[in-house]
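Protein chains in written order, with the numbering used here: chain W, 39 to 154; chain R, 11 to 124.
Since the hints were derived computationally from the structure, they do not count as laboratory data. Think of the CB as a built atom: it goes at the ideal place given N, C-alpha and C, for glycine as much as any other residue. Mixed in with the good hints, there may be bad ones.
[To be verified] What follows is a set of in silico ranges between Cβ atoms, one per label pair, in the way DEER data are often shown: (1) R:Ile70 x W:Pro46: 43 to 49 Å; (2) R:Leu66 x W:Gly41: 28 to 34 Å; (3) R:Ser90 x W:Thr114: 29 to 35 Å; (4) R:Leu66 x W:Gln79: 25 to 31 Å; (5) R:His92 x W:Ser104: 28 to 34 Å; (6) W:Thr154 x R:Lys68: 28 to 34 Å; (7) W:Glu123 x R:Pro50: 21 to 27 Å; (8) R:Lys68 x W:Leu122: 25 to 31 Å; (9) R:Gln55 x W:Arg54: 32 to 38 Å; (10) W:Ser104 x R:Gln52: 23 to 29 Å; (11) R:Glu76 x W:Glu106: 37 to 43 Å; (12) W:Arg54 x R:Ser19: 17 to 23 Å.
[What the hints assert, rightly or not] Reference listing, derived: stretches of chain R covered by chain W, where coverage requires no fewer than 3 residues with Cβ under 8 Å from a Cβ of chain W: (13) 31-37; (14) 113-119.
[To be verified] With a straight-line Cα cutoff of 30 Å, these simulated DSBU-like cross-link-like pairs (lysine-lysine) come out: (15) W:Lys116 x R:Lys68; (16) R:Lys78 x W:Lys116; (17) R:Lys79 x W:Lys100; (18) W:Lys116 x W:Lys49; (19) W:Lys109 x W:Lys82; (20) W:Lys49 x R:Lys79; (21) R:Lys111 x W:Lys49; (22) W:Lys121 x R:Lys121; (23) W:Lys109 x W:Lys49; (24) R:Lys78 x W:Lys49; (25) R:Lys121 x W:Lys53.
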Amino acid sequence: EAGVAQSPRYKIIEKRQSVAFWCNPISGHATLYWYQQILGQGPKLLIQFQNNGVVDDSQLPKDRFSAERLKGVDSTLKIQPAKLEDSAVYLCASSLEGLAGNYEQYFGPGTRLTVT
Amino acid sequence: AQSVTQLGSHVSVSEGALVLLRCNYSSSVPPYLFWYVQYPNQGLQLLLKYTSAATLVKGINGFEAEFKKSETSFHLTKPSAHMSDAAEYFCAVSGRGGGNKLTFGTGTQLKVEL
């Protein structure tokens, strides 16, 4: 069974530029998550999708971050414009379900973003 | 709000020694608790999870954790460390009925020395 796929693996941009990350979850997983992991910290949830609807985006900086999962499968996370503090690893995860609280989340390898 | 605190950002043990990584949780309702491991340049992998079926949870690679409600703890242990255990370990909590959102601790970097 293929795991969670993410691309690109690495990205370097200048501040005020825009960037997009792509995630393809495990086949059949209804729930998709985007996490931001800043160096030295644990991952922080940015947004959670259940199929193509948003369950939780309370920690997503909506003035610059956006995410979509139009067909309920793969997802794109965009940052526009980027700030220096956006430098982090962006992790995508998926799970079979996402409402009960005990479903295992499977993580992709992440995209390491460096903003200069 | 739920949270977890991991004591010790860096832990060093000798190969063959006991591994003990500490995690304390804060939750107003009985939580689900998880331990994840992250190797360099990789995503997180689930080691084990507590969902109230049993207080002593066994996971992969010889790791186990015990849920202690009286101490609000969920410490991760392994009787004998191996060089391949060197990685970063994260404790995480999620709520019941409130979605599957994970709140992570700040992580503990485990170093295994010869």
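To see whether the hints hold, each was checked on the structure:
1. Evaluation of the 43 to 49 Å hint for Ile70 of chain R and Pro46 of chain W yields a failure: the beta carbon distance comes to about 29 Å.
2. Between Leu66 of chain R and Gly41 of chain W the beta carbons are some 29 Å apart, a value that agrees with the proposed interval 28 to 34 Å.
3. The given range of 29 to 35 Å is broken by Ser90 of chain R and Thr114 of chain W, whose C-beta atoms sit roughly 44 Å from each other.
4. One distance hint, 25 to 31 Å for the beta-carbon pair Leu66 of chain R and Gln79 of chain W, holds here, with the actual separation near 29 Å.
5. At about 43 Å, the beta-carbon gap between His92 of chain R and Ser104 of chain W misses the expected band of 28 to 34 Å.
6. The hint said 28 to 34 Å for the Cβ distance between Thr154 of chain W and Lys68 of chain R, and at roughly 45 Å that hint is violated.
7. Between Glu123 of chain W and Pro50 of chain R, the C-beta spacing of about 23 Å keeps the proposed range 21 to 27 Å intact.
8. The given range of 25 to 31 Å is broken by Lys68 of chain R and Leu122 of chain W, whose C-beta atoms sit roughly 43 Å from each other.
9. Taking the beta carbon of each, Gln55 of chain R and Arg54 of chain W are about 36 Å apart, inside 32 to 38 Å as hinted.
10. As the Cβ distance of Ser104 of chain W to Gln52 of chain R is approximately 27 Å, the hint placing it in 23 to 29 Å holds.
11. Distance hint for Glu76 of chain R and Glu106 of chain W: a CB-CB separation of about 42 Å, consistent with the stated range 37 to 43 Å.
12. Arg54 of chain W and Ser19 of chain R have their C-beta atoms about 33 Å apart, which leaves the hinted 17 to 23 Å range violated.
13. Only residues whose beta carbon comes within less than 8 Å of a beta carbon in chain W count, and the stretch 31-37 of chain R has 0; fewer than three means the coverage is violated.
14. Here the stretch 113-119 of chain R counts 5 residues with a CB under 8 Å from a CB of chain W, which clears the bar of 3, and the coverage holds.
15. Of the supplied pair hints, the one linking Lys116 of chain W and Lys68 of chain R is violated, its CA atoms being roughly 39 Å apart against a limit of 30 Å.
16. Between Lys78 of chain R and Lys116 of chain W the alpha-carbon distance is near 41 Å, which puts this suggested pair outside the 30 Å criterion.
17. Restraint check: the Cα-Cα separation between Lys79 of chain R and Lys100 of chain W comes to about 38 Å, which exceeds 30 Å; the hinted pair is violated.
18. Between Lys116 of chain W and Lys49 of chain W the alpha-carbon distance is near 13 Å, which keeps this suggested pair within the 30 Å criterion.
19. As the CA atoms of Lys109 of chain W and Lys82 of chain W are separated by approximately 25 Å, the hinted pair is consistent with the 30 Å bound.
20. About 43 Å separates the Cα atoms of Lys49 of chain W and Lys79 of chain R, which puts this hinted pair outside 30 Å; it is violated.
21. Between Lys111 of chain R and Lys49 of chain W, the direct Cα distance comes to roughly 27 Å. Compliance with the 30 Å bound is thereby established for this hinted pair.
22. For the given pair, Lys121 of chain W sits about 33 Å from Lys121 of chain R by alpha-carbon distance, which is inconsistent with the 30 Å threshold.
23. With a C-alpha separation of about 26 Å, the suggested pairing of Lys109 of chain W with Lys49 of chain W holds against the 30 Å cut-off.
24. Restraint check: the Cα-Cα separation between Lys78 of chain R and Lys49 of chain W comes to about 42 Å, which exceeds 30 Å; the hinted pair is violated.
25. At most 30 Å may separate the alpha-carbon atoms for a hinted pair to count; Lys121 of chain R and Lys53 of chain W exceed this at roughly 35 Å.
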